[in-house]
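Listed below, chain by chain, are the residues.
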Amino acid sequence: MGHFVPHSDADIERMLADLGLASLDELFAVVPDALRLARGLALEPGRSEPDVAFEMERLAAANRCGPELVCFAGAGAYDHEVPAATRRLGSRSEFVTAYTPYQPEVSQGVLQALFEYQTFVSRLAGLEIANASLYDGASATVEALNMAASPKGHSTMWVSGALHPNWRAVIKTFAAGSGHEIVEIPTRDGRTDWDAAPPGEPAAVVVANPNFFGVLEDVSAARTAADLHGAALVVAFDPVSAGLLRTPGEMGADIAVGEGQPLGTPMSFGGPYLGLFACRRDLVRRLPGRLVGRTRDVAGRNAYVTTLRAREQDIRREKASSNVCTNQTLIAVAAMIQLSWLGTSGLAELALRCARGARYTREALLGLPGVEEFVTAATLREFALKLPVDATTVVERMAEEGFLAGVAVGVESGLATIDGEALLVSVTERRTKEQIDRYVECVGKVIR
Amino acid sequence: MGHFVPHSDADIERMLADLGLASLDELFAVVPDALRLARGLALEPGRSEPDVAFEMERLAAANRCGPELVCFAGAGAYDHEVPAATRRLGSRSEFVTAYTPYQPEVSQGVLQALFEYQTFVSRLAGLEIANASLYDGASATVEALNMAASPKGHSTMWVSGALHPNWRAVIKTFAAGSGHEIVEIPTRDGRTDWDAAPPGEPAAVVVANPNFFGVLEDVSAARTAADLHGAALVVAFDPVSAGLLRTPGEMGADIAVGEGQPLGTPMSFGGPYLGLFACRRDLVRRLPGRLVGRTRDVAGRNAYVTTLRAREQDIRREKASSNVCTNQTLIAVAAMIQLSWLGTSGLAELALRCARGARYTREALLGLPGVEEFVTAATLREFALKLPVDATTVVERMAEEGFLAGVAVGVESGLATIDGEALLVSVTERRTKEQIDRYVECVGKVIR
Amino acid sequence: MTSEHNARVPAPAGRATSAPVMGRDSEATIFEYSSPGRRAWSFRSTGLPEWDASELVAPGLLRGAPVELVEVPERDLVAHVTRLTHRQYSVDLGAYPLGSCTMKYNPKLCDDAASLPGLANVHPATPASHCQGWLELLWSLSNALCEVTGMKAATLAPPAGAAGELTGLLLMRAWHDSQGETRTKVIIPDSAHGTNPASVTLGGYETVTVPSDDRGLVDMTALRNRLDGDVAGIMLTNPNTLGLFEEDIAEIAAAAHDVGALLYYDGANLNAILGVTRPGDMGFDIVHMNLHKTFAVPHGGGGPGAGPVAVSARLEDFLPGPLAQRGDDGTFAWVNPARSIGRVHSWYGNALALARAWSYILANGGDGLRRVAEGAVLNSNWLKSRLRGTYDIPFDRPAMHEFVASTSTLKKQTGLRALDVAKRMLEEGFHAPTVYFPLIVEEALMIEPTETESVETLEALAEALIRIAGEVAGEAAHAPRSTPVGRVDEALAARRLQATWDAVCQPS
Amino acid sequence: MTSEHNARVPAPAGRATSAPVMGRDSEATIFEYSSPGRRAWSFRSTGLPEWDASELVAPGLLRGAPVELVEVPERDLVAHVTRLTHRQYSVDLGAYPLGSCTMKYNPKLCDDAASLPGLANVHPATPASHCQGWLELLWSLSNALCEVTGMKAATLAPPAGAAGELTGLLLMRAWHDSQGETRTKVIIPDSAHGTNPASVTLGGYETVTVPSDDRGLVDMTALRNRLDGDVAGIMLTNPNTLGLFEEDIAEIAAAAHDVGALLYYDGANLNAILGVTRPGDMGFDIVHMNLHKTFAVPHGGGGPGAGPVAVSARLEDFLPGPLAQRGDDGTFAWVNPARSIGRVHSWYGNALALARAWSYILANGGDGLRRVAEGAVLNSNWLKSRLRGTYDIPFDRPAMHEFVASTSTLKKQTGLRALDVAKRMLEEGFHAPTVYFPLIVEEALMIEPTETESVETLEALAEALIRIAGEVAGEAAHAPRSTPVGRVDEALAARRLQATWDAVCQPS
Ligand SMILES: Cc1ncc(COP(=O)(O)O)c(C=O)c1O
Ligand SMILES: Cc1ncc(COP(=O)(O)O)c(C=O)c1O
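Residue numbers (the working numbering), protein chains in the order written: chain A, 1 to 448; chain B, 449 to 896; chain C, 897 to 1404; chain D, 1405 to 1912.
Calculated directly from the structure, the hints in this document are not laboratory data. In this text the structure is predicted, and so the values were computed from the model without any measurement. The reader is advised that the hints may include incorrect statements.
[Said to hold, decoys possible] Keeping only pairs whose Cα atoms sit at most 25 Å apart, straight-line, the calculated PhoX-like set for lysine-lysine is:
| id | chain 1 | residue 1 | chain 2 | residue 2 |
| --- | --- | --- | --- | --- |
| 1 | B | Lys767 | D | Lys1589 |
| 2 | A | Lys319 | A | Lys172 |
| 3 | C | Lys1081 | A | Lys172 |
| 4 | A | Lys319 | A | Lys152 |
| 5 | B | Lys893 | B | Lys881 |
| 6 | D | Lys1589 | B | Lys620 |
| 7 | B | Lys600 | B | Lys767 |
| 8 | A | Lys152 | C | Lys1308 |
| 9 | B | Lys767 | B | Lys834 |
| 10 | D | Lys1589 | B | Lys600 |
| 11 | B | Lys620 | B | Lys600 |
| 12 | B | Lys893 | B | Lys834 |
| 13 | C | Lys1081 | A | Lys319 |
| 14 | B | Lys767 | B | Lys620 |
| 15 | A | Lys172 | A | Lys152 |
| 16 | A | Lys386 | A | Lys319 |
| 17 | A | Lys445 | A | Lys386 |
| 18 | A | Lys433 | A | Lys445 |
With the sequences and hints as input, model every part of the structure.
Below you can see the structure in the form of structure tokens.
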């Protein structure tokens, strides 16, 4: 049995006696007998701390990663370095074991960290307002659509077919509730072909830049398409590529969303990640999620507090702009630390290093017989190639060689898919020339 | 180049200008030219954080430990579990990055932790006073001898030949300075044979219990020997065995010393460890190292402070009772946490589990053909055996099989040695029956 | 927009006036510590060609100057963030009796589990053959949660409770669709958590509120009146947000099922009934759990959490995918349910939080989980009994893991409001209870001590609350005085919105 | 002796009144949180026979009852210790200009290095063949330290500076012994750190003090007067404890060597000269280093540190062993020097601290280490120049990494003592400088800003010190007021000694 309830048997007896009860069972007298789980839970007995550690280590050992499986996969999850400072500060227990900052007087630590985070996200997005985090890139996009939708719902949404396939899947899942019509715009040569959009009056136009194929989109074309219909432009951006690219705001976005995992969070088998969300100032009253504002305390000192709470579900209930309550604060705090650690010059340098690695790898792979471009458009930190062997097979075989070769991707009816013929390869600042050379050599063997 | 000096080039220029200097070099104008290292240090250029991590991981990977080398070695360094609570609390940066608590008003955290540590050590030792730590078990013993010596030095010390050989070596090294005559008392069948002591008037008698062979000594015999000469009795104890054994104080010790590594510190290739030190109250004015006392602040609140400072080197200088300044505070704090985590019942249980494992292993090994007792006296958590194959060879071969089989030990002229014919085996609470059975089977193979 | 900030005189990062150990000044923002040319970063040496940005990005896309973040050395960053942690209350510092939030102590062994490199460093697109450990973990956790809730199958993907709710509502919708029915309404009690109605709206349903009766339980007559063929489902939490067990739950379930509606369980209060009774046995069809309440995922200052959804057999086919499944050969694979509503997360949910929950379940075992519920309910009732006579206890029935008190009477007598109590509690060295929730109780103080607090801590909580109640009128208005900042001007924050440092720097 | 403690009413561990985030009450001791029957521990299941204690230990040796420690759950332990950390100043919270102590910021990457399982979990008796990584690390570090100091060989075993000193003095003794000489005296300057004379005594020598001249440097005439055939050596630190470079060091060395004495370098101040000049080049024979000052081993609240000793060629054979050595085949082995003075540590010294130092050296490289010295000296001189005119600067020559100021004049004018300045600095959010050391300066404030503080932090330090100097008489006597406790009664602590909780509980 676990022992996280502190009471000794004597404590329990005394407390029960204070309550006039004879047994712990009597605490549950209100639970009808028929509903009682007489047999107890059919779970194994509790284990000691070292036994739990042993079991968790067994499970961990049954995964391959790190030097055992050198990572060239991206597709929305990136193998960036997390420096000791970010890791150690981000795991301080005051951050980890606090609740949502409902009582600002004892929550200035989390609140100020979020305020700084919001500033960073706002600058990365080139938009005035950023919230205190959403669940992940996909959920941020869903919230962006809800925000852009007419208040009476059931809007049409144009979503680039080169947006991450999983994100598009999530958008469609939640559209079943909101009633939005999701129109996926096909791609041509890896870019969204806005001319191929069907007739209709979208409330929002969504484009990713770089997109799922790592391709740099023509965001101005998306802006034009949006303007034509008075729609909001939602740009999904990558915070690392942001080190080199013009901001979504500069390129005309009304709302910018993104996956914040690259900012100080390990790949974590897909979560917890971080939904980045920023928008124009005039949209703030419909902002999903929490927002921290700076204010003063009674003594006139700077203080931070969650603000514009009236948008939120606990106050507005069924009329709230979103149902989000618990978000990803701790991951946002880590991102704040990581962005401070990178700083102005570091983010640019990081983006540059990723782009250099990608270019070097791409050129080397293209030098292999039978390897071809999957799309010809310009890419930045990741790129897709066609190989003479099916990409899924390549990934499996390369794993045996100690490489996570990439992600198998494709295009179906003009829309990006996971599990296709092409290989999507991503290169982060962690990949050395030596690793890349070995990787390319291995790919050469595997596709021979 | 490292980048832990925060200044930008512009900062440096400005600061130099403020000082009327033209270059950083001019800061060192007082250093005669002839002494300048014009060529610079012949060290490699600074590496980035991930490059350093990579190199450190390379070095770490070139050691074998943990599941790769299941540990049955003890001899003063024990493979105990360090729970997450101890590890995580003990590494909080307020403890890690503080200095010696010279300013008590901002050092109550460390001071109170040390006060609690002193209380624990005092209880373990059964003596009223404990200091705030010394370097390790060996240095604690050296300090005990200096404390017991007549103030005018050059005393004779009787040291059990079953005290850890490395500790005896350290005692002898430092005796070259203090001028003490170290007389090592031979053992018989693994126990100190006080009757074999040469004539003389020792100032102190030192015995370990359990001793180097894991044997439970007859401490009362040592007490008698000490009484005969009016000498102080120094008992070296093991804090884990203390869970089952009578305290040094109860058994007549004037001073108790010990190696505190088993209390929450990993084996760490031998350090940093923790010198435990306790003594009778009337010896406190000659106590080596720091001592924390409880007192009050101006408002009458409880407060802690280092006390009886007049003993210390910074005040008494050449007349100080010891030269210790920096000690092992952080390790003492970890021990405080670990002892709290274990608590009254846990320490007893821990000792019991070690003793059970040792008995099971010992019996199983004695069941192998050709394996014999090295000494017949009763042991607790570790024991020595004679094998048909030289122990050093057994250790080397067993390492290939994934076990750290123990430590090769012996007796020369009645004195315990490292590197002998016998195998000293230690079993901690981390060893399972399955591991022990595999270990015994392997030993069987290796000695065949 | 921000170029002038760095031109200001940077604040001294080594000055620790904000650390309470030394004073009560404000901590400057990281932006104020910035100074051109300083840095913390360093990157691995790679040996790759050092192409220029202009050789890698087309001119029209390349930004002119780098994004202006900050320029601080690691030393100043570490000092800043460490000081921020000294301005933050947390469970590890003391009791946190925040009702509905289950702010229990999370064993440190779970932190270890979540930081294992073999879990933390795995890319989510790793072929299943190379991440069998993760799939086994997800599969095992899913099974355990089904056992705990008495359900058939589960998805672990929803990243928080609210996400679980919406997932559950979409499952409800898919179910009715599969029955060829279109239903429009979901019934929730007036005491429900705000996420419930918000999720109902996002699920495309209309919220119908059912009042509580004078027991504090669902008013059965009112419920029956609202139940018809338009009702897709009822969302309940049991114990409800008053901390009371809905004793009529079997009847409610029968009534719901009679009209073809489904019964949804908001598992935020599951802590109270672990191993004692199960939503499935009560008749619920859909259950979301808040692993960050019940299963020791720490709250992280507001997340990440995890909000798995478990369902009864008839809904299994609709679950979002992919799900980890064990094959006959003992290996694990991803599967997608036949009629899945689709994905609800970029990948598989908050995986590392799931790993924490699994380690917590392993450590507790079945008996340990029941002890958790016993401890939670014992502590709650004991504390309630200490406060009875001082505070109003609006629905004074046997409490489960939490209870609701009120300052209604005190307010009339001395003007003491729930908010004042909250702020005074901060001075007393505790976090405040939840206030003004549930909405159906005036001046509500929702108190959840959790099972990890000792009886002495409960006693200290009680003494503080009783002391506050006995103070002279107006005394509490100045609280809190001992916190890093005093009472915060929330109105100003909304009126003069400054949501970024850049907004602070702009003339408004 | 302690059985009654647990009978008391335990204090509420969940009450965080001591956390400065919430208040300024005392934190109870862990003993006060104890209550019978509670526990935090759990142990691995082993499957071993469960023999009783009485089956394992002879009755005469077995203790009656368990050692009474405490009985607390993990939750209460974690809260207690976390709160203790909120009552503790540290470098990570702010500047720590404690002269002679080099309280610089230690990069977090070094923490990572020291926690690698492949380093931390290695048993010290592992055969060399299976711990080649450790031996290589020790060998590499030893070489690097020799390069930095300009010496021939080194031992890494001494666990702190004072242990290094004593080791060095025993090397000195062994050297003279080998020369067939018996010498009795060691000369140290009057400004020396207390460990120096204490170590001299433990080394079996008599301390002879040499005064400083009006430059603050060793008085050459006085030194010459004291140098004779009885002198075993001279212990110096350079820069000295006034932060001044001993410019006559070459002459001193020559004079020492002329009478057959050895020159010992106390490396506590090595930070100032890294890559600029080397003790070996100055003529020193023996050097100890404080890795916990110069090489980023954090101070840990008072240790562990590491005090390696490097020596010139003629002393190499006397070094304590074992030493890691690289063989011709590239593998590493332990060796013991031919005429070794013997062991100075149970094993090989504070190995994990050595690993930190090595990672710090790798990160800095040769150029980075020189930059460290430049930064330290630049910061010290800049801060000194800001204080000149406000405080006395007794020996106002170009400072190295630290300098000594004094309130002598201020004391005459307003009564301001060095101690008052120290206590007021705590209120200002800084750690205090070292006070009343070195002993040769009245009302000394020894200030070492270190290289990791920014110029803004230096400015804030200066402003605080200047503000304090300008305050009205007596103002500082009440300081510190904003700290977890106010000025502490040190006299009472000594008079009514309570060094354990049991002493507190005993009627005195
Ligand atoms: C009763 C209840 N339901 C639902 C939720 C929503 O959960 P989450 O915050 O994880 O979205 C909460 C959390 O506060 C809750 O207390
Ligand atoms: C000048 C000087 N010498 C020697 C020492 C002693 O070093 P340690 O404290 O490591 O024993 C110190 C440390 O305070 C010092 O400053």
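Earlier hints that do not hold, by number: 8, 9, 16
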